[in-house]
Amino acid sequence: MAQQIDARGLLCPEPVLRTKKEIDRIKNGIFTVIVDNNPAKENISRLAKNSGWSVNISDNGNDEYVLELSK
Amino acid sequence: MNNKRLMVILTGGVLGLLAVVLVKYGNPPNMGYCIACFLRDISGGLGLHRADTVQYFRPEIFGLILGAFITALLTKEFKATGGSSPIIRFTLAFTGMIGMLVFLGCPVRAVLRLAGGDLNAAIGILGLIAGVAVGIQFLKNGFTLGRSLPINKANGYIYPLTAAAMLVLVFAGANFLFYSTKGPGSMHAPLLLSTIAGLIVGVLSQRSRFCMIGGIRDFILFRDTHLLYGFLSLLIVAFIGNMVLGSVKFGFANQPIAHSDGLWNFLGMMLAGWSSVLLGGCPLRQLIAASEGNTDCAITIVGLILGAAIAHNFGLAASPQGVPLAGQYATIIGLATVFGISFFTCTQALTGGVKVGSTN
Numbered sequence: 006m007a008q009q010i011d012a013r014g015l016l017c018p019e020p021v022l023r024t025k026k027e028i029d030r031i032k033n034g035i036f037t038v039i040v041d042n043n044p045a046k047e048n049i050s051r052l053a054k055n056s057g058w059s060v061n062i063s064d065n066g067n068d069e070y071v072l073e074l075s076k
Numbered sequence: 022m023n024n025k026r027l028m029v030i031l032t033g034g035v036l037g038l039l040a041v042v043l044v045k046y047g048n049p050p051n052m053g054y055c056i057a058c059f060l061r062d063i064s065g066g067l068g069l070h071r072a073d074t075v076q077y078f079r080p081e082i083f084g085l086i087l088g089a090f091i092t093a094l095l096t097k098e099f100k101a102t103g104g105s106s107p108i109i110r111f112t113l114a115f116t117g118m119i120g121m122l123v124f125l126g127c128p129v130r131a132v133l134r135l136a137g138g139d140l141n142a143a144i145g146i147l148g149l150i151a152g153v154a155v156g157i158q159f160l161k162n163g164f165t166l167g168r169s170l171p172i173n174k175a176n177g178y179i180y181p182l183t184a185a186a187m188l189v190l191v192f193a194g195a196n197f198l199f200y201s202t203k204g205p206g207s208m209h210a211p212l213l214l215s216t217i218a219g220l221i222v223g224v225l226s227q228r229s230r231f232c233m234i235g236g237i238r239d240f241i242l243f244r245d246t247h248l249l250y251g252f253l254s255l256l257i258v259a260f261i262g263n264m265v266l267g268s269v270k271f272g273f274a275n276q277p278i279a280h281s282d283g284l285w286n287f288l289g290m291m292l293a294g295w296s297s298v299l300l301g302g303c304p305l306r307q308l309i310a311a312s313e314g315n316t317d318c319a320i321t322i323v324g325l326i327l328g329a330a331i332a333h334n335f336g337l338a339a340s341p342q343g344v345p346l347a348g349q350y351a352t353i354i355g356l357a358t359v360f361g362i363s364f365f366t367c368t369q370a371l372t373g374g375v376k377v378g379s380t381n
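Each protein sequence line maps, in turn, to chains A and B. Per the working numbering, residue 6 is the first one in the first sequence, and the count goes up by one each step. Per the working numbering, residue 22 is the first one in the second sequence, and the count goes up by one each step.
Because the hints were derived from the structure by calculation, they are not lab data. There's no promise every hint is true.
[Stated by the list, open to error] Restricting the straight-line Cα-Cα distance to at most 20 Å, the calculated cross-link-like pairs of lysine to any residue (SDA-like) are:
no., chain 1, residue 1, chain 2, residue 2
1, A, Lys-26, B, Asp-245
2, A, Lys-26, B, Asn-162
3, B, Lys-97, A, Ile-62
4, A, Lys-26, B, Lys-161
5, A, Lys-76, B, Phe-243
6, A, Lys-54, B, Leu-242
7, A, Lys-54, B, Phe-240
8, B, Lys-100, A, Glu-47
9, B, Lys-100, A, Asn-65
10, B, Lys-161, A, Gly-14
11, A, Lys-26, B, Arg-244
12, A, Lys-76, A, Ala-7
13, A, Lys-25, B, Phe-243
14, B, Lys-100, A, Lys-25
15, B, Lys-174, A, Val-71
16, B, Lys-100, A, Asp-11
17, B, Lys-97, A, Asn-65
18, B, Lys-25, A, Asn-61
19, A, Lys-25, B, Cys-367
20, A, Lys-32, B, Asp-245
21, B, Lys-161, A, Asp-29
22, A, Lys-25, B, Asn-162
23, B, Lys-25, A, Asn-55
24, A, Lys-54, B, Arg-244
25, B, Lys-25, A, Val-60
26, A, Lys-25, B, Thr-246
27, A, Lys-25, A, Val-71
28, B, Lys-161, A, Val-71
29, B, Lys-97, A, Lys-54
[Said to hold, decoys possible] Simulated DEER-style distance windows between Cβ atoms:
no., chain 1, residue 1, chain 2, residue 2, range
30, A, Asn-43, B, Tyr-350, 50 to 56 Å
31, B, Ala-151, A, Ser-56, 35 to 41 Å
32, A, Asn-65, B, Phe-360, 35 to 41 Å
33, B, Phe-360, A, Glu-47, 30 to 36 Å
34, A, Lys-32, B, Gly-283, 42 to 48 Å
35, A, Ser-75, B, Met-264, 47 to 53 Å
Note that the Cβ used here is the ideal one computed from N, Cα and C, for glycine as well.
Looking at chain A on its own, in the form it has when it is part of the complex (with noise of 0.2 Å):
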């Protein structure tokens, strides 16, 4: 199974720092991180983009967005 990441409950930069180090370290690949908040959506969804990454945002109904970022 795919590494998730699970940055509910952290303010900025912690979640983006944390998804940027799991792609430096998978280098390509899938995984997802789970977020509670829409500031660190975007802010994880536009390190994505810039590195090259593709998102797939999902609600899980409980206020909370799995991103699935794939590479």
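Let chain A serve as the given structure and place chain B on it in line with the hints.
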């Protein structure tokens, strides 16, 4: 260019324009909008310090909080959270405020001062960048203030409702508050104009996530210029506004509500930048996040207000005459404190990380 970036540029631009307009209508020079100065004035308005030149219930702040609060409610982004190292946040804000009052301004005012030709602000901004860069090293090494958790909604309402109550007091002309009759505290734009300016900036900043520290931080960390556009549009629009009004005066000496002690301008803002980057944003961003229900950020604001009170009660704050010796000591002690917090919080996080063996 995408819409989100335009929002950031718009926020910076409108903030710069309103700052110039507010000065034109009575706010102190190069202080159309300064979160640190305004919180210090509010601290004085409550009588927490008795520096009789810097006491006023700045409606810009209350308007900003309410603008962000209402926007967060409408966009369903209001969410009461808390529990992410409140006492560390309080302490970082407290020490950061002392740094800002040694420089005489928050990151927003640093840019506004530069836009007025005050070159001391350029040294302050270099210090700010240095502080952010040092803080980032700790962030990269695992510095974390931990997670916040969802809490009862009532927690989130206290801060914006207090701001609303304070705004009512100002409009009602409550005479038990402290109002300066001389100095910067006595200089202010009309009540309604200040309130509306606050509301507008509150709405825009909530939507755009505008943050001065974030701009510098994201550029250093990720080469991401998104928030930096806001920083630049604030500078450019305020500079053009000042040019139009003929209030640009380049130089170091005799700048309005500023001193020209370069070392302390640098170190004061370094302290502000370092503590702000650990807090996750500049004082403006903290105000907005607190309005969205983040109670840890509300505690941060209390730290800023109390830091201002102590800075003035014990003669730490700078004045146009320079930085008092006590303020110089306080800046060094502040830097040592922030270093201590950075170091110990990192060590903890690293040990925790090794034990858990994952990115969590």
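If you check each hint against the structure, which ones fail?
14, 15, 28, 29, 30 and 31
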